[in-house]
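K.L.:
Letter by letter, the chains look like this.
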Amino acid sequence: MMRHFRALAGLLVLALVLAAAPAGAVDIRRVVSPGGIEAWLVEDRLAPIISLELAVCGGAATDPTGKEGLAELVASTLDEGAGDLDSQAFQSRLEDLSISLSFSADQDAMRGSLRTLSRNRDEAFRLLGLALASPRFDVRSVERVRAQLLTRLARNLQDPGYIAGRALWGRLFPGHPYGRPHDGTPDTLRAITAEDLRAFVPRRFARDALIIGVVGDIGADALGTLLDRTFAALPKSAPAYLLPDVAPLTDGRTHVVEHATPQSTILFAQPGLRRSDPDWYAATVLNYILGGGSFSSRLYSEVREKRGLAYSVYSYLAPLGFSAVWAGGAATANAAVGESVTVIRSVWYDVAAGGIGAEELADAKRYITGSWPLRFTDTAAIAATLVAVQIEGLGIDYIDRRNALVGAVSADDVARVARRVLDPEKLTIVVVGRPDGLK
Amino acid sequence: MTRRAMAGHLAVLAAVLAVAGPAGAKVFEPTYFALANGLEVVVVENHRAPVVTQMIWYKVGAADEPAGRSGIAHFLEHLMFKGTQTRAPGEFSAIVARNGGRENAFTSQDYTGYFQTVAADRLELVMELEADRMTNLALTDAQIEPERRVVLEERGSRVDSDPRSILSEQVQAAAWLNHPYRLPVIGWRHEIEAIGRAVIVDFYRTWYAPNNAVLVVAGDVEPVRLRALAEKYYGPIPARPVPPRVRPAEPPQLAPRVVTLSDARVSQPSWSRRWLAPSHRAGERGHAYPLELLAKVFGGGATSRLYRALVVEQEVAVSTGAWYDGDAWDLGSFGLWVAPRPGVPLDRAVAALETEVTKLLAEGVRAEEVERARQRLVDGAVFARDDLSTAARVLGKALVTGRSVGDVEAWPERIAAVTAEQVTAAARAILKPATSTTGVLLPAAADGQAGRGPAAPPVRPEPVR
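Protein chains in written order, with the working numbering: chain A, 1 to 439; chain B, 1001 to 1465.
Some hints here could point you the wrong way.
Listed next, the stretches of chain B that the computed footprint assigns to chain A, with coverage defined by at least 3 CB atoms under 8 Å from CB atoms of chain A [as the list claims (entries may be wrong)]: (1) 1046-1054; (2) 1254-1266; (3) 1364-1378.
Honestly, the hints are just simulated from the structure, not real lab data.
Ideal Cβ placement from N, Cα and C applies to all residues, glycine included.
Chain B on its own, in the form it takes in the complex (with noise of 0.2 Å):
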C-alpha cells in the first residue's frame, strides 16, 4: 500500500488501462459535462454500496516541471496536504480521517491526481475540501521543510535502495535525449533538496486551475445531483490562462543504446530492452490499439509466445513479457524482459528472446492469436465496472492525456477492429534495433569489479515489409 505514492511506472500504468479497458457496446456509460470555468466533470453511477469515490486530476505533471527543477510536481502533490487560508496543516487528512474516508494522491510524467473515498453522504464534504486546495494553498518553510526529507526518504525507499529501481531510472534517463521523460517523477536528490517554496508556489498558480483539471465521480451518486454539487463548490474558482503543454521534441535516434549496472545486491541478472512509441496522442497514432494487441500476444501472460518458448519450452528463463504504455501526452514507449533461469546464462535467454522478435518480425502474428488477445481485452472492461476507482483511473488518465470519454466508451469497437496484418505492421514499424534502449542488471562480479555487459544489442537485418 502506497501512501501518497507516485504513479512514475509506466509499464504498471499500462497494464491498468489494458486490464481495465472497456467493452461490448458500452463500457462505463459516464456522464460529461463541463462547467462554465472549464472544469471538465465525469460522473460513473455504481450504486452497489453507499459509497463514492472522488478523483480530481490535473493536466499537469513532472514533464511539465521547468529545466532543472525536477521533482516539483510530485513535491507539490506531498505539500497539497498541508494549510489552506483556512485550514491548518494536516487538517484536510484528519477531516477525512474522521468521516471514515480514505485517500491519497499520484504524479506521474503528465498528470497529478488526489482522490477519496467516503461513504455517499460524505461526498460534499470531499468536494468542499477539494475544491478549497485548488485554489487556497498556504505554504510556509516550516511546513516544506519537514516535508522535503519525507520526499527524500521516499526516494531513498521507491529508487535508491532498490539496484532495479535504479537501473530503470538510469535507463529512461537513456531512452530520452531531449524530452523531459528522460527525468525521474520523483526527482534527481540533488534537485529535491534545493527546490524552494517560490517555485513550487509559482508551479502551484502557474498549473492548478479548475479549467486544467478533470472532476471524476463513481459510486453511489446521481448525475443532476453531481453536477448541482460541482457548481456549487468548485464553479466559483474562477478559469486562469494556462500556458500550452509544449515539451521539447525527440531527435531522431541514430543509435541504439545500452545500460549496465553491476550491483553487490543483485542476486539474479535481469535484461531489458524498450523502445520509443507511438501513444493515443502523439505519434504515428494508428499503431497504438495494434500495438495493445501486441503487447498481449508477444509478451501478455502463461500462453504469449514469449512465455511459452522460453520459460515452458525451452527452460532459459524464469520470466519474460512485453508491455506497452501508450497513455502518454506525447510519445509512448514499448518494453520487452527477460530474466534467466538460475544457471542459465544471461546471454542464452536474451539469444531465445530475440529469436522470438526475429521470428515476429519475419512471419508476422497470426489472426487467431490476435482474436485470443481481443477477446481477453474486451472481457476485461467488463470486470472494470467492478469496482469504483477503476473507472475514475481509466476514464481521467484519458482525459488527461489527450483523449476524450467516447475514445474510453469505443476502446472495445476499437480493439475488436484490429486485424494481425496491422498488429504485424505496428511490430515492424517500433521494434528496429537502432532505435532501442537496453538495460542490463548484473550481479557484482567475483573480484569486485562491475561485470561487463554484453557488447551493444546484436544488429539484425530490417525486415522485409
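Bound-form chain A, shown alone (with noise of 0.2 Å):
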C-alpha cells in the first residue's frame, strides 16, 4: 500500500514536468509560395531526406450513388502513369530513384505521401505533380487496379472483421453516405468509367484546397519555388465539400450476422464528439479510461486481463467531418460472445456512471501528455501531423499548446463528457460468427 503511494506521488511531480514540455525541438514555419500555395515546413537536417504529406477535404463520402468506390479507384490508379509517362515508365521512374509515392482515401479526405531522397527532391515533386495534374488512366491500367480492388473487396467479404465493420457502419448511417462501404460493392466498382476518374481529379486537387506539410532537408525558399512548379497546372479552386450533418442511428441493440469463423468478432458504437467540441479533450481522457489505453483501460482490464475472453479490446474516438462516433471492438470464441458483450456493456454502464478516480484521471493525463513527443521522431509522421493540425484548423503553434490543454482537463470534465456524450443504452453492437449466449 505504501509503496503504491509514494509511486504515486511522484510521478505527479513527472506529470508536471511532461506537461510543460514543449514536444521537442519542433519549429513549424508557415510557408507560402510566390503563387499563393501554402505549406507548413519543419526544416531538418538530420538525414538527407524530405518527407511531404498532403490532404483535400472530400473523400469517398462524395461518390455518387452507383458508383461508391471511386474515390479509392481514383487514389489507386493516381501512381498508374501521367503525362508521357505509361505505367511501367512511371513506375520505374519511382524505383530507380528510390521515390515513394502513394494516395489514398478515406470518407473525408483524400491524402497523398511522398518521400525522397534529397538529391532527387526535383524529379520527386515533379512527378508528384504530374501525377495530379495529368494522370493517364489508360484503359488497361485502370482494368488492371479495378481487378485488384475487386479480388480484394472478395477477400474482404469474407472476413470478419470488414464484415462487421460494414454491418455497423451501414447501421449508424442508413441513406447517407457515411453508411455506404469505402470501396464500394463489386457492381459499383464495375460501374466506374475512366471518365469518372479523370472528371473526379481536377474537382478535388485544386491548389486552394491543397493542405501540406513539409519535413526534412529543404528550406523555405526551395520549398516555395518547388510548390509553385510542382501543383501549377491544378485548377486554381474546388467546390466546397459540404455533407448534411447527421446524427448516428443507434438503437442499443445487439445485432448478429451469421459467419462461419470460430471466432467472433465484435464491433459497437454510440454517438461521439466532433473535433471542435470544447470537451474534445476531456473525451480524449475519458476514451483512454474506457478502452483507448493499449495496457491499462477498463476494458482491456475486464476483459482480457481478468477474463482472457480476447486478445484485443478496445476503443476509440472517431470525428467525422459531419458527424462524430464513439467506437470499439473486440474478437473473442464464439463460445464467450455471451459473456464478454455483458462485460462490455457493464464497462460502458459503469464509466458513464461517473465514478472515475483520481489517481485513474492522473494516470490518462500523463500517458496522452507524456507521450505527445513520441509522434515526432521521424519525418513523415510530423508531416503526417503538420497536415493534421491544418484540417483541423488548431493553430500553427498547437503542438506546443496541446498538453496544456490536456493537462486543463479536471475531474468535473470528465464526469461532464461521462454524463452527457457516453450512453449505455445507445451502445449498439454488431456481432460476425457463429456466437453463443447472447439474449
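Two chains, two frames, some hints: make the complex.
P.N.:
Below you can see the structure in the form of C-alpha cells.
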C-alpha cells in the first residue's frame, strides 16, 4: 500500500514537468509560395530525406450513388502513369530514384504521401505534380487496378472484421454517404469509368484546396519555388466539400451477422463528439480510461486481463467531417460472446455513471501528455501531424499548446462528458460469427 | 496495430530487413560494447526528438522449445508483463503508460524481444523495469490461466479465422521435416492448452540471462551515459550457463510437397511455393546477399520481372512476387506467390509464373537489372535512419541471429559487390523443383466437396550450369 502511494506522489511531479515541456524541437514555418500555395514546413537536416504529406477535403463520401468506390479507385490509380510516362515508365522512374509516392482515400479526404532522398528532390516533386495534374488513367491500367480492388473486396467480404465494419457503419448511417462502404461493391466498382476518374481529380485536387506538410532536408525558399512548379497545372479552386450533418442511428441493441468462423468479431458504437467540441480533450482522457489505453483501460482490464476473453479490446473516438462516433471492438471465441458482450456493456455503464478515480484520471493525462513527443520521431509522422493540425484548424502553435489543453482537463470535465455523451442505452453492437449466449 | 504481437511472419521480417538495410559508407554508426556479465549493448544516437527506444532481445525463440510444448516462448512473452518479486501483475505496463511510454513485445522462431519508447528522461525508469523482469519474474497459476485464454484467442484471431493463415501454417509444417521451424510460433492449440507453469518457469530460467541477451537503445541518448545506466541496472545480474542452440537438422528433401486447402471462406484462389535456402548464418552463406537481390529483381515491386510479365503484360494475375528470409539462425527460405486475376484459371497464372522461373534459370539475370535493385536496396539504408525503431530492429535481429554490428554496417558494400552471375548462380542453386513446397488455396467446390488442387508441381529439367 505504502509503496503504491509513494510511487504515485513521485509521478505527479513528473507529470507536471511533462505537461510543461514542449514536444521537442519542432519549429514549424508557414511557407507561402510566390503563387500563393501554402505549406507548413519543419526544416530538418538530420538526414538527406524529405517527406511530404498532403490532403484535400472530400473523399469517398462524395462518390456518386451507384459508383461507390470511385475515390478509392482514383487513389489506387493515380500512380499508374501520368503525362508522357505510362504505368511501367512512371513506376520505373519512382523505383530507380527510390521515391515513394502513394495516395489513399477515406470518407472525408484524399491523401498523398511522398518520400525522397534530397538528391532526387526535384524529380520527386515533378512526378507528384504530374500524377495530380495529368494522370493518364489508361484503359489497361484502370482495368488492372479495378481487378486488384475487386479481388481485395471479395477477400474482405469473407473477413469477419471487415464484414462487421460494413454492417455497423451501414446501421449507423442508413441513407447517408457515411453508411456506404468506401471501397464500393463489386457492381459499383465495375460501373466506374475512366471518365469518372478523370472528372474526379480536378474537382478535388485544386491549388486552394491543398493542405500540405513538409519535413526534412529543404529550406523555405526552395520549397516555395517547388510548390509553384509542382502544383501550377492544377485548377485554382475546387467546390466546397459539404454534406448534411447527421447523427448516427444507435438503437442500443446487439445484432448478429451469421458467419462460419470459430471466433466472433464484436464491434460497438454510440454517438461521439466532433473534433471541434469544447469537450474534446476531456473526451480524449475519458476514452483512454474506457478503452483507449492499450494495456491499462477498463475494457482491457475487465475483458482481457481478468477474464482472458479477448486478445484485443479497445475503444476510440471517431470524429467525422459531418458526424461523430464513439466506437470500439473485440474478438472472442463464439462460446464466449455472451459473456464478453455483457462485460463490455457493464463497463460502458460503469464509466458512464462516473466514478473515475483521481489516480485513474491523473494516469490518463500523464500518458496522453507524456506520449505526445513520440509522434515527432520521423519525418513522415511529423508531416502527417502538420496536415492533421491544418485540417482541424488548430493553429500553428498547437503542437506546443496541446499538452496544456490536456493538462487542464479536470475531474468535473470528465464527469460532464461521461454524463453528456456516454450512453449505454445507445451502445449498438454488431457480432459477426456463430456466437453463443446472446440474449 | 498489434498488441504483444508475434513477429512470426517470416516474409514480413525479410521485407523489413530488405527495406531497412544500411547504406553508403556507414549505416547506423552504432556504439557497441559488452558488460562483464555478457550482455551485449548497442547504442544508436538520433537526436531529432527527446525520445528513446529501449529494445531487449533474448537469443531464444519458438525453435528452442522442448518437443511437444510448442508455444512456450510466445506464452512466456505474454507472462513477462505479469508481476516480479517486487512488482504486482500489470504494474510494469501501468508504470510505462503513466510515463507516456509505448511498449510491446514480439516472438519469432529464433528470438524474443521487448521494447518501450519513452521520453528520453524516462529511459532510466524503463531500464530498471526491464532489468527487473530479466531475472525476477514471479508467476502464479492465477495469472497464467486467464492469459492462456488470451493466447488462445490470439491464435483464433491470427490463424483459425483466416484460411490464408491456416494454409500458411500447414505449408510451414510441410516445408520442414525435422527442424522445429515446422512448428507455429504461437503453438498448436492442444499444446498451448496443456502448457503448465513449471515448464514455462524452466524455460525462463534456462534462457533469460544477460549473457543470452542484446540490449539496443536508439534515440536521444549519449553512449557514455547509456553505458553507465546499463552497468547500473543490468550489470549486477549474474551470468548463467545457457545451453547451445542446436536444433535437429533437415534431411535432404527428395520429393516436392504440395499442400492444398479448400475453404468456404476463400473467395479467390492463390498459390505459393517456397524453398529452403541458405541464411546469412547457415547453409551456403555465399548465396545470401545474391538472394536478397534475386527477390528484388525477380519479384520485388511493380517493375519486377514477375509483376511486369504476369500482372501488366499478360494480365493473368492481380498480384505476384518473391520474398527471401535470410535472417534465420538456421536455414532461411525463398518463396514466390501468385493470385490470378478474376476469371483467369489458377493453372494459367501458375503456368505463366513457371515460365518466368524457367526463363530465369535458363538465361539468368541481366547486369542492369541487378544494378537497379542494388541502388534501391542501398538507398533504403538512408531511409532506415529516419526513425528510431528501424535501427533497433535491424541491429537487434542481426546480433541474435549470428551476425555482428560490422555485418550490418557492411551491408551496403556487400550488396553493392554482388554480381549478376552470383544472382543467377543462387537462383539455380535454390529454385529446384524437387526441393520445393507448394501451397494452394482454393474456394470450396460448388458441390460441397473439397476442390481438387493441381497435381504435383510440373517437373522442370535441371538448368544447365
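K.L.:
All the hints need checking, so say for each whether the structure fits it.
P.N.:
Right, here's what the structure says about each hint:
1. 1046-1054: holds (count 6)
2. 1254-1266: Answer holds; 3 residues pass the 8 Å Cβ test.
3. 1364-1378: holds (count 3)
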